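So the chains spell out like this:
Number of protein chains: 2
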Amino acid sequence: MNNFWLTLPTEIFFGKGQLSVLGKELQKRGAKCVLLAYGHSSIKKNGIYDKVTAILNDAGIKFVELSGIDPNPRITSVAKGAALCRENNVDFIIAAGAGSVIDCCKAIAAARYYKGDPWDFFIRKASVTKALPICAILTLAATGSEMNGGCVLSNEATTEKLPMGSYKLKPRFSILDPEFTFTLPKYQTAAGIADITSHVFEQYFSNPDVPITDRLCEGVLKTIIECAPIVLEEPENYDARANIMWASTIALNSILGLGKEEDWATHMIEHEVSAQYDITHGVGLAILTPNWMKNVLSEETKAKFATYGRNVWNITGTDDMDISLKAIEKTAGFFKSLGIPTRLSELGIDDSRFEVMADSALKYHGIGGLKRLSKVDIIEILRNSL
Amino acid sequence: MNNFWLTLPTEIFFGKGQLSVLGKELQKRGAKCVLLAYGHSSIKKNGIYDKVTAILNDAGIKFVELSGIDPNPRITSVAKGAALCRENNVDFIIAAGAGSVIDCCKAIAAARYYKGDPWDFFIRKASVTKALPICAILTLAATGSEMNGGCVLSNEATTEKLPMGSYKLKPRFSILDPEFTFTLPKYQTAAGIADITSHVFEQYFSNPDVPITDRLCEGVLKTIIECAPIVLEEPENYDARANIMWASTIALNSILGLGKEEDWATHMIEHEVSAQYDITHGVGLAILTPNWMKNVLSEETKAKFATYGRNVWNITGTDDMDISLKAIEKTAGFFKSLGIPTRLSELGIDDSRFEVMADSALKYHGIGGLKRLSKVDIIEILRNSL
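Protein sequence lines, in the order shown, are assigned to chains A and B. Quick note on numbering: the numbering used here labels position 304 of the first sequence as 304, and the sequence is numbered without any gaps. Quick note on numbering: the numbering used here labels position 377 of the second sequence as 377, and the sequence is numbered without any gaps.
Take these hints with a grain of salt, some might be off.
[As the list claims (entries may be wrong)] List time: in silico EDC-like cross-link candidates among lysine to aspartate or glutamate, alpha-carbon distance up to 16 Å:
#, chain 1, residue 1, chain 2, residue 2
1, B, Lys330, B, Glu226
2, A, Lys168, B, Glu11
3, A, Lys304, A, Asp322
4, A, Lys294, A, Glu329
5, B, Lys168, A, Glu11
6, A, Lys80, A, Asp117
Rather than coming from a laboratory, the hints here were simulated on the basis of the structure. Since the structure is predicted, the reported quantities are computational estimates derived from the model, not experimental observations.
Pulled out of the complex, with its shape left as it was, chain A reads as follows (with noise of 0.2 Å):
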């Protein structure tokens, strides 16, 4: 088991009702004017926009506006949020949305005390040293952000997309109602339950095995198997909602990673197919992960894999690679099951840029820690994906 420091400073208000804590809340910590950010219409078609803009109002606490954030946030919008904060004195930035949001927030939280390019932080030529407050707002069960100090952002003029992260960048408290998530579109429901899966495969499938924190993440992934049906049948399913929403907080804000080395391949890989088709993380997540999954199966590693099959899918046997390759099986009907694509043809992407995708998950640092992806590895996975 390996070293570890923990800091989880974000307070959480999960449950119903739980949005009427934020004027006190924000007051408490001395907020004057706050960044209001979010992405297009669906926090004012839910009523959302209105219950804390009126919260604001009634707390005497003034507001700026930051709208339009991006599915995959754009570091143009970073600059523009930025120079907001700057303009207006913002002290604290409330994140209303998904974590695309929550992300933006982030990078906008360090830029607004940063004088160069905010792309800096992301290709590691500057490191976060302060940030603004943050409050997330969730409305999507997905990525985790509003407990965890990292953020995904996408350069358009560099076709890149990069990850970068901060404790300082933690939100100070997260407001999490599974209601804000009943009106979401199937798809988008889909695709969080992926992206919330690949987090825990992602800690789990990297050594040292850590028996205290391989069997939290297997019970997460069995919560997520046996919620998942239930919230895409019944999407104003409280309990199903509430326990996905919590898997999605718990699956990336440290707790299941603690001891290991963890591994982020198909993260990275998965960031370089958005970057060049913008498609939705959750979706590419769970085309590639099964295939990553056959990548990096051997006989060093089918122990790994056989454990998986037996604590989460109740597989039994004896041989350990025939239980891997029917754990692989498990994963990929369980996306399949989730009514999202499971090719990357079916989302109109072909191998003609696989190369530059390669080169390009390879450009900064290498990638995989359960096995160290060669670019041909990569270029198999997608391959496989197609």
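Following the hints, position chain B against chain A.
Same frame as chain A, but now just chain B:
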């Protein structure tokens, strides 16, 4: 799933050699004069005392000492510690020891700013408004006190043992080095494991069912069952010690109770036994738990026990009551395998004070979440534990 508020302000430094962060972390938080609190001689024997005092001297941080905190810590130590803090302008407390030391320090941290009798916190006559910050240096995996806001103190004058808690008492940071547990006597290690297991049960066996939280509980239980025999056989097995240590923290840092009502009846009964006979808390829990399970098992609760049997002990079958009974047998067998007493009579306890204990357990509030226990229930559980 019930609404919840979660705050986890305790930073965790986990692993070999992490004590080295102590000086810097205290300086970062502005500590000028520290109360160094510990139990009897163990931290002097295993070298932790010398290391900590050397670090404090190197960092130029003054300190005063409070030693002799008992395994069932007494309210008299709290008064003494609070006086030391006042007289020396102490601004930070280091709790170096097991849960007993950390619990005692929490009460001291609150009592420092309270003019009345510190016992008032425990009989609900006062609540914590302000507290000194605490750092825990953990030497026994058991109570989870290193990452929560609860404490349990004994009052010899009133023959009471009562809990109290506040988020303000959560340690600011805790240092968890599994090597610090290598030299523990087997009996203490085993009693600690029983305590951890009981913490999971107290949260798991409660309403409502919350898949995400329940599956995490099962993951911790499976880890304990896997690692317990290893640490008992090989006390210097780092990985097994590390997994048990982190399991102890996770078991009682809120995560395993989120969205649930929790139960805690077994703990409340054990506190009465400890208050009367000063026994080892974990041993008391190991004896009482299977008998609590038998008392609360019914047509209404059998589904929960059967899920436990299936998911934790891999018991197969279709009859929930049958699986439940087998799961309780497995639980009793697990506690027995730890090599600690399994009957109260082995500790010299007879039924002469059962009435007093049952009355006292019900003195301040009802007990039990899964089943509200009557006086008759409590006496039955105690009698079956004889």
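Outcome of the hint check:
no., hint, result
1, B:Lys330 with B:Glu226, "14 Å, holds"
2, A:Lys168 with B:Glu11, "14 Å, holds"
3, A:Lys304 with A:Asp322, "12 Å, holds"
4, A:Lys294 with A:Glu329, "10 Å, holds"
5, B:Lys168 with A:Glu11, "14 Å, holds"
6, A:Lys80 with A:Asp117, "12 Å, holds"
Violated hints: none; the structure is consistent with every hint.
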